[in-house]
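A.B. asks: Following the hints, complete the assembly by docking chain B onto the known chain A.
First to last, the sequence lines map onto chains A and B. When the count follows this note's numbering, it moves up by one through the first sequence with no breaks and lands on 503 for the last residue. When the count follows this note's numbering, it moves up by one through the second sequence with no breaks and lands on 623 for the last residue.
To be clear, the hints were calculated from the coordinates, so they are not data collected in a lab. Any given hint could turn out to be false.
Example chain B residues on the side facing chain A (calculated, C-beta under 8 Å, incomplete) [claimed, not checked]: (1) 516; (2) 517; (3) 518; (4) 521.
Keeping only pairs whose Cα atoms sit at most 16 Å apart, straight-line, the calculated EDC-like set for lysine to aspartate or glutamate is [as the list claims (entries may be wrong)]: (5) 472/A / 543/B; (6) 472/A / 515/B; (7) 472/A / 546/B.
A virtual CB, placed ideally from N, CA and C, is assigned to each residue, including glycine.
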Amino acid sequence: MPINDLTQTGASAGRAGFLLIVATSICILIFGWGLGSETAIRIRPEFAAMVPSTAILFLLLSAALWAFARSPRPNNGKKALLVISSAVALAALIDLVLVVAGIGTGLDAVLWPGLLQRLTDGMAVATATCFLLASLCALRLAFDATSIDYPFASMSTLGLVLSSTALVAYALDTEALYGVFLFTAMALHTALAFAILFLGLILVAPGRSWMGLLLSQKEGSRGARRLLPLMLFGPFLLCLIALYATDAGFLSVNFRLSVLAIVMTLIAVTAVLRNASIENTAEDDMQNIVNDLTAALADRSLLLREVYHRVKNNLQQVNAMLTIERGKLTDPEAKASYEAMAGRVHALGMVHQLLIQASNPSDIDIPNFFHRLIKSISAGHGLKSRNISISVEAEDDIVHLDVAMSLGLLVNELVANAIEHAFEGREAGRILVTYGNAGPDAMLLTVRDDGIGLDDENDLGTGSIIVRSLIKQLRGEMRVVTDEGTAISVVFPSTLSEVSRYV
Amino acid sequence: MSEAKSIVIVEDDFLIAEYLRVTCSELGAEVLGLASQPAEAIEMIRQMKPGYVLMDVRLGGKRDGVDVAMAIHTINPDIKIVFVTGSSEPPTIDRINMDHPHRILIKPISPGDLADALGY
Numbered sequence: 001m002p003i004n005d006l007t008q009t010g011a012s013a014g015r016a017g018f019l020l021i022v023a024t025s026i027c028i029l030i031f032g033w034g035l036g037s038e039t040a041i042r043i044r045p046e047f048a049a050m051v052p053s054t055a056i057l058f059l060l061l062s063a064a065l066w067a068f069a070r071s072p073r074p075n076n077g078k079k080a081l082l083v084i085s086s087a088v089a090l091a092a093l094i095d096l097v098l099v100v101a102g103i104g105t106g107l108d109a110v111l112w113p114g115l116l117q118r119l120t121d122g123m124a125v126a127t128a129t130c131f132l133l134a135s136l137c138a139l140r141l142a143f144d145a146t147s148i149d150y151p152f153a154s155m156s157t158l159g160l161v162l163s164s165t166a167l168v169a170y171a172l173d174t175e176a177l178y179g180v181f182l183f184t185a186m187a188l189h190t191a192l193a194f195a196i197l198f199l200g201l202i203l204v205a206p207g208r209s210w211m212g213l214l215l216s217q218k219e220g221s222r223g224a225r226r227l228l229p230l231m232l233f234g235p236f237l238l239c240l241i242a243l244y245a246t247d248a249g250f251l252s253v254n255f256r257l258s259v260l261a262i263v264m265t266l267i268a269v270t271a272v273l274r275n276a277s278i279e280n281t282a283e284d285d286m287q288n289i290v291n292d293l294t295a296a297l298a299d300r301s302l303l304l305r306e307v308y309h310r311v312k313n314n315l316q317q318v319n320a321m322l323t324i325e326r327g328k329l330t331d332p333e334a335k336a337s338y339e340a341m342a343g344r345v346h347a348l349g350m351v352h353q354l355l356i357q358a359s360n361p362s363d364i365d366i367p368n369f370f371h372r373l374i375k376s377i378s379a380g381h382g383l384k385s386r387n388i389s390i391s392v393e394a395e396d397d398i399v400h401l402d403v404a405m406s407l408g409l410l411v412n413e414l415v416a417n418a419i420e421h422a423f424e425g426r427e428a429g430r431i432l433v434t435y436g437n438a439g440p441d442a443m444l445l446t447v448r449d450d451g452i453g454l455d456d457e458n459d460l461g462t463g464s465i466i467v468r469s470l471i472k473q474l475r476g477e478m479r480v481v482t483d484e485g486t487a488i489s490v491v492f493p494s495t496l497s498e499v500s501r502y503v
Numbered sequence: 504m505s506e507a508k509s510i511v512i513v514e515d516d517f518l519i520a521e522y523l524r525v526t527c528s529e530l531g532a533e534v535l536g537l538a539s540q541p542a543e544a545i546e547m548i549r550q551m552k553p554g555y556v557l558m559d560v561r562l563g564g565k566r567d568g569v570d571v572a573m574a575i576h577t578i579n580p581d582i583k584i585v586f587v588t589g590s591s592e593p594p595t596i597d598r599i600n601m602d603h604p605h606r607i608l609i610k611p612i613s614p615g616d617l618a619d620a621l622g623y
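Next up, chain A with everything else stripped away, as it sits in the complex (with noise of 0.2 Å):
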């Protein structure tokens, strides 16, 4: 639960509430009890009184929630709490035993008999009842809950519930509540301070209950908290008036009634349409959202696709003119020099016209990429009439742009260097480039001719510093077997697609 203002407030309300009943306790004990006050014990003359153990098991479990829920890292205060819940758990259900049981009216009659006045004192079921669900909260306050707690959201919601009642009686009619059994005894302050406790638990712990919903700062919350005193005191009120409109003799009792649920009905159904309200214009306010940032993404595909193909027009012009100062060479070997380069270029176009395509324009995928590089390489070369074919053997895989290149303009050099070199005074040759896994994170590309092999792994010609750099970039390795002509291996980490290097 994000702590905000409202938490804090809240918690410190529930502190406050904690401390508060502690005091009354007091209060009452000392003046009620002690000396004798009447009012201190049960308000009105007429009214059930607060019993001495009542008040005591009030003192203990408030006291023993103050000093757990004031302090940060309650390590102290959680051993207390937990012994004097389970005291007062304890004493509850010895209570209600006792008056389930018929013996006295429960603990007081037990313990101090000689104190009470009246054959009806003493701790009521409810009043027990609420007792053993305070302390059963308190206990799971204990224990550290990250979302909601079920038992206590209940347990605490209950007690709540079944003191608003009393109270809500008292304030309606008090015979009436006094003639329900489970009521009979529960004191007006005994009420009063059960409402109290049980919303200082909610409060002090709003994560773990219907809480957390009340208090966040996101927009449900606050026109919840908006509803709330017309949805709390409504009703209340409501009856109220409905009550005294009887006894003035304007309203049947029957009709009372009628008058009550339409009512009520009317104030429910308009909570519930404002709520559709509102989440009808939430769910449109997503929508724009969803909808912006849909276009947002078309529009960056697109933008990188148009890019692509710059680059990849520029590279074109690139191999325009270096042919152009090709034509206006005549010494064959920078010719040939200028053929290599162009080939080069080609390989780096290709990978953005590959990029143009894809769905992903960050991603090559490598087979069609070598197909489409061999087949412009042998055109290139005119190996048709030489008698050299090229295939290519290549696992699917897909890699990052920056990979492609690199393994591009590589396999570019190599054949081209078998091309160049391996088939010296051979009627035909065979290149093979193969690319597959080589272990569980690497990769492996070979480029193997049936030619005439190589005399050192220096022979590589003029393309070695390319090649190196291109191995060097691939963070990998080279090996060279020569055996029935030569096949040169690169091994370098399959991880590379991962990390890109222009971030």
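C.D. replies: Below, chain B alone, put in the same frame as chain A:
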């Protein structure tokens, strides 16, 4: 000054690093070494003590060229650092200026740009 200028190149694109090496050599400078990552670069520069460093800003990791430059300048404040960057945007330039650079070059770099930056 007849003494050849000594340079260390810090660049994570190996082809571009080779281009810089060749271009510097053609200008008459001596390239002492190539580094592609921050830790490697700091170690190499510490050992070789070049007069100049061609420092690529983006090195593809958590630390960038400016971090390397600041690390070097605490040991050798006299080394002239020529920053090389593909971005001329204010945030990048501001970041580079944190380390009082000798020069800032925007990619693509021509041999003329380089000659100028190295004082040829």
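A.B. asks: Any hints from earlier that this structure breaks? Give me their numbers in increasing order, please.
C.D. replies: Violated hint: only 7; rest satisfied.
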